[in-house]
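Q: Sequence:
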Amino acid sequence: MSSRDTSRTITTQPNRARVEASFSLHVTVVDSADTDQIGTSTRLDGRLTVGRDGQLSLLDPALSRQHVSLARHKDGVTVTDLDSKNGTWVDGAELNGGRAFALPTVVRAGDSVLVVERWPPAPPRVPDAHEMLGNHPLHLQSLANVRTVAPSPLTALITGETGTGKELAAALIHKWSKRSGQFVAVNCAAIPENLIESTLFGHKKGAFTGATGDSDGVFRAADRGTLFLDEVGELSLIAQAKLLRTLEVGTITPVGASRDVKVQVRVIAATHRDLKADVEAGRFRMDLYARLRAFPVRLPPLRDRLSDVVPMFRHFLGRSGPVPEADAVERLLLHSWPMNVRELKALAERMKLMCAGRGIALKDLPEEFLGPAPDSSSTSAAAAPSVAGTPDIDELRDLLVAHHGNIGRIAKALNKDRTQVYRWLKKYDLDAAQFRP
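Residues in the sequence shown are numbered from 6 upward in steps of one, following our numbering.
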């Protein structure tokens, strides 16, 4: 992903007062034969035509000159196929005519794939954040929060679904804090209950069965540095009480020791759980929750930053890796990504092995990506009549109704050239425009 600012604005209607100040709609080119346009984002204020000669012009041979139009519609977008030669697909289903869709929306036209998303105001880009990839405003806001809290002594609570990069964010906080000590990460969910205290605070030799020597524990290992407590919501109430005391007084008591040990540790905690709900249910201490979330940082799930999916996938594939085809790109964008960036990276590694020396086709994706396309009834598409040879006037009229007067799709259904379809229309004195929405 390039660090260059690829966002631009095309004014499609003069009345900007109707655009809500809190967010805007953006159309991002995530894949195209016009490689120079990949990654560019266009603000959608009114109606935007896409095609080889559209307001959003893409040098894609599979696009018609005026292929598809996109327009704001309440809280969504209206997508209209403009009688294109090769058709338009929205959210995985072929589009007939035009209709409104909820956001985010994935549009495939020709060999180009677009994402329409709602964007909040974007904060300035954060330099030196190569560890965490992405250009979506939600991601940039998370990075800005990380940058803001880093030089302070505040405890930070990083929340987000599994695989969103919570440890990477914590490591960035430590990096930008310039603390002299180490960055130490521990997964609280992986520590057996009977070893929590000794793991965190250390122990003296002979303090318990198996304690064959002294142990410093992770707090002393992170002295003058940063301690990252991942999945802090998995700690027992007893362990929570001991952690709270350390945060309040700045000392630890190793198991079996008679004296406290002073430590200077910056604590960052993370969880995928809803700690507020756990507090209300009595599973997490309210006072510890208040202490940990002195500065909250939320990492958005991948499905909320769709325009980042394909650039990140290409980054993980590497410069010499296989290139995904347009229909495979479309499926990547329609996937829910329950394991987020971790899942995306694992898929890229798998595709590098499977597709070395060739492109990534739709059939190469795992089964969970190849589920049935959305029901065609949800896109107002109708099944085309089966016609062999030359259609009679009733069959041609049925095709016009089924395909909303789209000559390209009718030609495709009949396996004929568009010019032949126009000859039949002239023969039967039918006007395709009368069947368009």
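No wet-lab data here; the hints were simulated from the structure.
Glycine included, every Cβ here is placed at the ideal spot set by N, Cα and C.
You may find that some hints are simply not true.
To be verified - Within a straight-line C-alpha distance of at most 30 Å, the following computed BS3-like cross-link-like pairs (lysine-lysine) qualify: (1) K267 - K210; (2) K180 - K267; (3) K180 - K210; (4) K350 - K180; (5) K431 - K421; (6) K247 - K267; (7) K431 - K417.
As the list claims (entries may be wrong) - With beta-carbon atoms standing in for the labels, derived distance ranges: (8) R363 - L64: 51 to 61 Å; (9) D279 - E136: 42 to 52 Å; (10) K281 - A438: 25 to 35 Å.
Q: Would you pick out the hints that fail for this structure and give their numbers low to high?
A: Failing hints, ascending: 3, 8, 9, 10.
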